[in-house]
Amino acid sequence: MATNTSTKGSFWSRYRTWIIVAGIVLFLPPLSLLFQMTADSNFCGSWCPRMFFTWRKGMSIHEFLLGFLRSYMGVALVVGILASTFFLGRAWCSHLCPIGGTMELGSRIVPRWLKIDFSSIPASPFRYGYLAVYLIASAVGLGSLCCNYCNFATVPRVFGAAFLDADLMYFLRTAGLINLGLVVVLGFLSKGGRAYCNLLCPVGALDALSNRLGLRFGRKMRVDAAQCDSCGACSKVCPTWSISVHSAATIDHLSCMPCRQCEKVCPKNAIAYGRPA
Amino acid sequence: MTKKIVVFLVAVGISLVAAVHRWDDSGHAIGLIKAKGGEARHPVSLGSGNDRYMLIATAAVVPPYSGNARVELKGETQIPYTIDVARPVVDLGIRHLPRFSDGTLHDLRPHDRVALWVKMNPPKADPVCGMACEEGYERADYRGKTYCFCGEGCRKAFEQDPEKYRDRDGLRGNYTLAFTDTKTGRPVLNVPIRFTGKGGTGDGNEHQH
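Those protein sequence lines, which keep their order, are chains A and B. In the working numbering, each residue's number is its place in the first sequence (first place is 1) plus 496. In the working numbering, each residue's number is its place in the second sequence (first place is 1) plus 1.
Pulled out of the complex, with its shape left as it was, chain A reads as follows (with noise of 0.2 Å):
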């Protein structure tokens, strides 16, 4: 059980929608200017967080190793993650990844009617059967998840698109169409905004891994039962749909981020972020 202190006007609650326009701003189209840092124009080059760590059939130990050099913003990146998710949960993916955030603020355009529920999907056997194949497909040589469907791939050229033909271009081909519609149906459509981040984002499912493994050790999103009445407020707002109730709120932290919207609905501040008790 948490010690309940609420952090409801904390500066990461209070700002979380600056903090992810913010990150936008840095990492995509038109400014682009951490990718301009290294000579990258988007997340495809050497901030690639996802190629790095699939091994293909055929491969030797040194081309593996020379994928780590290739994208060694996106090894930097991914390390970073994990690590700061052991200790402070999710919160490269609730407040700084630009691509979910991107998604999740388009999310918020579109009217309620619109919008697609997944919470009926449970999210973290469907994003492990993900992962699996992710790693192992290429690994026995079956073919690749890796690139083909990527959101960190298209987002970025959803914003160059505008101005460049080189971004156009990614969307003049089957794989580019296809991917569009994953970042449409299951981001701008899809109720609270992050089902892909939820179901298909392999870093995202490596990080929930980390968020566990931390979970009695780092800060998370944390019920203090007996506070909770099981008014199942928090479970309607929770974008990745982590949140079940029964005799009181209990958080799935496989699928959990730190991004607040359920403290801050708890009529009776039984969440909080913050250290076990």
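Just to be clear, a hint being listed does not mean it is correct.
Residues of chain A clear of chain B, computed beta-carbon distances all greater than 10 Å [stated by the list, open to error]:
(1) M533
(2) C540
(3) I557
(4) L578
(5) L610
(6) K611
(7) Y630
(8) S634
(9) L638
(10) C643
(11) M665
(12) R669
(13) G677
(14) L685
(15) Q723
(16) A729
Restricting the straight-line Cα-Cα distance to at most 25 Å, the calculated cross-link-like pairs of lysine to aspartate or glutamate (DMTMM-like) are [unchecked claim]:
(17) K553/A to D25/B
(18) K37/B to E559/A
(19) K4/B to D613/A
(20) K5/B to D748/A
(21) K35/B to D748/A
(22) K553/A to E40/B
(23) K184/B to D162/B
(24) K5/B to E559/A
Going by beta-carbon spacing under 8 Å, a handful of chain A positions derived as facing chain B [to be verified]:
(25) L522
(26) L527
(27) F531
(28) G541
(29) L584
(30) D613
(31) S616
(32) F622
(33) Y624
(34) A635
(35) V636
(36) A657
(37) F659
(38) L660
(39) A671
(40) A773
Calculated from the structure, these hints are not laboratory results. Remember, it's a predicted structure, so these values are computed and weren't measured experimentally. Every residue gets a Cβ at the ideal spot worked out from N, C-alpha and C, and that includes glycine.
Could you slot chain B onto chain A? The hints should help.
Positioned in the frame of chain A, the structure of chain B alone reads:
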């Protein structure tokens, strides 16, 4: 628990189908630009029969090479193509970026990386011999599709067994995205591209010309 296992298996099934299926209208090549000639890591294989293809060619410049490199799509048949280079929308001038204009990468320097988007619009081909369709070629319709023939021999061969040649009107064969140093004329990177499909790669030899 049963529901979770079922969902896991469904996710594995859907993901496997997605992983195994190849979208054959686009490909990605990774290569190294070297003074003595670089090669792409593996050839790009594209399925013939589409009107439009997209090749993403990314390459890093290996020291000591520096210079300008002309980029051209070379092959037996001329394929109309355009090339665009990925770059920041607003260049803040933080790092050096090679320029691309007039089909040439200008001012390539060691450790530079480039990403080119090559849009190719290959012409339709004679389904019998594989030659690219030209104006003046004979035409024939079969099952709602118009096919072209380089001559009488190919048209007759098609008419005798149209099912054999059906949908073989996509251009096939081997092509190269060639990066050539403009000063020395030497190749600095070759990216092999194969248009494969019904009838195999470059099988325009059933009927000898």
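Hint check:
At roughly 6 Å, the least C-beta separation between M533/A and chain B is not larger than 10 Å, which violates its mark as non-interface. Separation of C540/A from chain B is inadequate, the least Cβ-Cβ distance of about 7 Å not exceeding the 10 Å criterion. With a minimum CB-CB distance of about 16 Å to chain B, I557/A clears the 10 Å threshold, and the non-interface call stands. For L578/A, the requirement that its beta carbon stay farther than 10 Å from each beta carbon of chain B is met, with the minimum near 22 Å.
In this structure L610/A is separated from chain B by more than 10 Å, as the shortest Cβ-Cβ distance comes to about 24 Å. For K611/A, the non-interface assignment is confirmed: its Cβ lies about 22 Å from the closest Cβ of chain B, beyond the 10 Å cut-off. Listed as a non-interface residue, Y630/A fails to keep its Cβ farther than 10 Å from every Cβ of chain B; the least gap is roughly 7 Å. Some Cβ of chain B comes within 10 Å of the Cβ of S634/A; the nearest lies about 8 Å off, and the non-interface call is violated.
Residue placement check: L638/A does not keep its beta carbon more than 10 Å from all beta carbons of chain B (closest about 6 Å). Chain B draws C643/A into its interface by the beta-carbon criterion, the shortest separation being 7 Å against a cut-off of 10 Å. Under the 10 Å C-beta cut-off, the non-interface status given to M665/A relative to chain B is violated; the minimum distance is some 4 Å. Distance to chain B contradicts R669/A as a non-interface residue, since its nearest Cβ pair spans about 4 Å, not more than 10 Å.
Listed as a non-interface residue, G677/A keeps its Cβ farther than 10 Å from every Cβ of chain B; the least gap is roughly 12 Å. With a closest Cβ-Cβ approach of about 19 Å to chain B, L685/A is found to remain outside the 10 Å limit, as its non-interface label requires. Against chain B, the non-interface label of Q723/A holds: every CB pair exceeds 10 Å, the least being about 30 Å. At the 10 Å boundary, the C-beta of A729/A stays outside the reach of chain B, the nearest C-beta of that chain being 25 Å off.
Note on K553/A and D25/B: the hinted pairing holds, with a Cα-Cα distance of about 20 Å set against a maximum of 25 Å. Between K37/B and E559/A, the direct Cα distance comes to roughly 21 Å. Compliance with the 25 Å bound is thereby established for this hinted pair. Restraint check: the Cα-Cα separation between K4/B and D613/A comes to about 18 Å, which is no more than 25 Å; the hinted pair holds. Distance hint between K5/B and D748/A is fulfilled; the C-alpha atoms sit about 14 Å from each other, no more than 25 Å.
Straight-line distance between C-alpha atoms of K35/B and D748/A comes to about 51 Å, which puts the hinted pair past the 25 Å bound. Proximity of K553/A to E40/B is assessed by CA-CA distance (about 20 Å); at most 25 Å being required, the pair is judged to hold. At roughly 52 Å between alpha-carbon atoms, K184/B and D162/B are farther apart than 25 Å, so this suggested pair is violated. With a C-alpha separation of about 36 Å, the suggested pairing of K5/B with E559/A is violated against the 25 Å cut-off.
Here the hint on L522/A is broken, as its CB sits about 12 Å from the closest CB of chain B, past 8 Å. Proximity of L527/A to chain B holds as hinted, the smallest CB-CB distance being about 6 Å (cut-off 8 Å). Against a cut-off of 8 Å between C-beta atoms, the interface hint on F531/A holds, since the closest Cβ of chain B lies about 7 Å away. Interface hint at G541/A: satisfied, since its Cβ lies 6 Å from the closest Cβ of chain B, which is below the 8 Å cut-off.
Interface restraint check for L584/A: the shortest CB-CB distance to chain B comes to about 28 Å, outside 8 Å, so the restraint is violated. Proximity of D613/A to chain B is violated relative to the hint, the smallest CB-CB distance being about 16 Å (cut-off 8 Å). For S616/A, the shortest C-beta to C-beta distance to chain B is roughly 10 Å, which exceeds 8 Å, and the interface hint is violated. For F622/A, the suggested interface contact is upheld, since its CB lies about 4 Å from the closest CB of chain B, less than 8 Å.
Because the closest C-beta pair between Y624/A and chain B is about 7 Å apart, less than 8 Å, the hint holds. A hinted interface residue such as A635/A counts as satisfied when its beta carbon comes closer than 8 Å to some beta carbon of chain B; here the least separation is about 11 Å, so the hint is violated. A cut of 8 Å between beta carbons decides the hint on V636/A: the least distance to chain B is about 10 Å, and the hint is violated. Violation of the interface hint for A657/A is found here, the shortest Cβ-Cβ separation to chain B being roughly 10 Å, above the 8 Å cut-off.
Against a cut-off of 8 Å between C-beta atoms, the interface hint on F659/A holds, since the closest Cβ of chain B lies about 4 Å away. Interface hint at L660/A: satisfied, since its Cβ lies 6 Å from the closest Cβ of chain B, which is below the 8 Å cut-off. Using the Cβ-Cβ criterion of 8 Å, the hint placing A671/A at the interface with chain B is satisfied: the shortest such distance is roughly 4 Å. At its closest, the beta carbon of A773/A sits 29 Å from a beta carbon of chain B; the interface hint therefore is violated under the 8 Å criterion.
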